[in-house]
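Engineer: One-letter residues, chain by chain:
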Amino acid sequence: GDSVTQMEGPVTLSEEAFLTINCTYTATGYPSLFWYVQYPGEGLQLLLKATKADDKGSNKGFEATYRKETTSFHLEKGSVQVSDSAVYFCALSSGYALNFGKGTSLLVTP
Amino acid sequence: NAGVTQTPKFQVLKTGQSMTLQCAQDMNHEYMSWYRQDPGMGLRLIHYSVGAGITDQGEVPNGYNVSRSTTEDFPLRLLSAAPSQTSVYFCASSSGAATYEQYFGPGTRLTVT
Numbered sequence: 001g002d003s004v005t006q007m008e009g010p011v012t013l014s015e016e017a018f019l020t021i022n023c024t025y026t027a028t029g030y031p032s033l034f035w036y037v038q039y040p041g042e043g044l045q046l047l048l049k050a051t052k053a054d055d056k057g058s059n060k061g062f063e064a065t066y067r068k069e070t071t072s073f074h075l076e077k078g079s080v081q082v083s084d085s086a087v088y089f090c091a092l093s094s095g096y097a098l099n100f101g102k103g104t105s106l107l108v109t110p
Numbered sequence: 111n112a113g114v115t116q117t118p119k120f121q122v123l124k125t126g127q128s129m130t131l132q133c134a135q136d137m138n139h140e141y142m143s144w145y146r147q148d149p150g151m152g153l154r155l156i157h158y159s160v161g162a163g164i165t166d167q168g169e170v171p172n173g174y175n176v177s178r179s180t181t182e183d184f185p186l187r188l189l190s191a192a193p194s195q196t197s198v199y200f201c202a203s204s205s206g207a208a209t210y211e212q213y214f215g216p217g218t219r220l221t222v223t
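If you read the sequences in order, they're chains A and B.
If you're matching positions, the first sequence starts at 1 in my numbering and goes up one per residue.
If you're matching positions, the second sequence starts at 111 in my numbering and goes up one per residue.
Heads up, some of the hints might be wrong.
[Claimed, not checked] Calculated pairs, SDA-like style, for lysine to any residue (alpha carbon to alpha carbon, straight line, at most 20 Å):
1) B/119 to B/185
2) A/102 to B/168
3) A/102 to B/198
4) A/102 to B/171
5) A/60 to A/46
6) A/77 to A/13
7) A/52 to B/209
8) A/102 to B/185
9) A/102 to A/5
10) A/102 to B/206
11) A/68 to A/32
12) A/52 to B/219
13) B/119 to A/41
[Stated by the list, open to error] Selected chain B positions facing chain A (in silico; Cβ < 8 Å):
14) 120
15) 143
16) 150
17) 153
18) 155
19) 171
20) 173
21) 174
22) 192
23) 195
24) 211
25) 215
26) 217
Hints are computed from structural coordinates only; laboratory data are not their basis.
All C-beta atoms, glycine included, are put in the ideal place defined by N, C-alpha and C.
Next comes chain B alone, as it looks inside the complex (with noise of 0.2 Å):
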């Protein structure tokens, strides 16, 4: 049971480029999320899905794209790059809404020049 992956640990972007964060979890968890953690900021929520096929906004979602073809996956997609996404990128996943306790991944550290 590995709970819930992110790849790659670490990456390096330049302004422009897109890319894919990888979320996976093995916890058959409908309810998957994706936060950013920014200095001084706490987390903040991008993206959640409660099942597959259905994906909202949360907080801070412009720039970012989402999509839930399976209940283990769901990868966060950066469209173009910018400074601004330089971040700590964490997936989640939980059981039922946000009562129930949230499992993280180890996250990914990002850095766009």
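Looking at chain A on its own, in the form it has when it is part of the complex (with noise of 0.2 Å):
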């Protein structure tokens, strides 16, 4: 069946420094990919979405391109801040519902 796998976490960044969180995904079809992050205490938010092959999906500074070729939709940002501190989860569509990854927590550092 559908099936996401992001790079296990926690990471630990320094305020300014660049962010990849890797995920790659297993799907029939031509599935949504989603990126939705979790702040403290709160539910998830969508920050990107790519709805076919090549297409970029940015948002708030981060970026992430749906490529076929090799299954994956990575998660980029060229300077984290303090704020962007949270999990994040690779999701992708199958069916009416989403199919998430484990989820990667990161912790930026002042």
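Both chains come to you apart, so use the hints to assemble them.
Structural biologist: Have a look at this one:
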């Protein structure tokens, strides 16, 4: 069945460092791909999405490109801030709901 | 516009007790779903609904029951709570199928002792 694999955390970075969180997927058909973010004590919020191959989703300085040839959707940000500390989930559309990765915890230190 | 609301925020149950987790949305979304979040497991789908009167099972439906009598509400019932149901529960809604943005509630943290 459909599945998402993302890199294990936690990831600890200094402020202004470059961020990459890897995400690969297995799916039949052509799913949409998403990154959701969960701040401490809150629900999940959509960060960005891509609906077809070679699409690039972007928001708040984060980017991810839908790579069909490598079945990947890696999340990147050029310069992280302390306020980016959160848990990041990669997900794909599967039928009527989302199929999530296990999440990657990011801690950004001043 | 409150979005997706969930009550209660926290709950402690004893094994064998039953309870209902409430979820409501005011965005007139047809699609609603329940997920549980466990450490190191991501979010797993429990049940979902594609409209009033229509529900279906997700990945981990055992021990849970749902119904959808209105567009706004999608309660999740625990029939006989077990320690394995200790988790954080999230309700979500969207205006279309999974390709659309899903809006999540703030979650209910449930502990079963």
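Engineer: Which of the listed hints are not met by the structure?
Structural biologist: 8, 10, 12, 14, 19, 20, 21, 22 and 23
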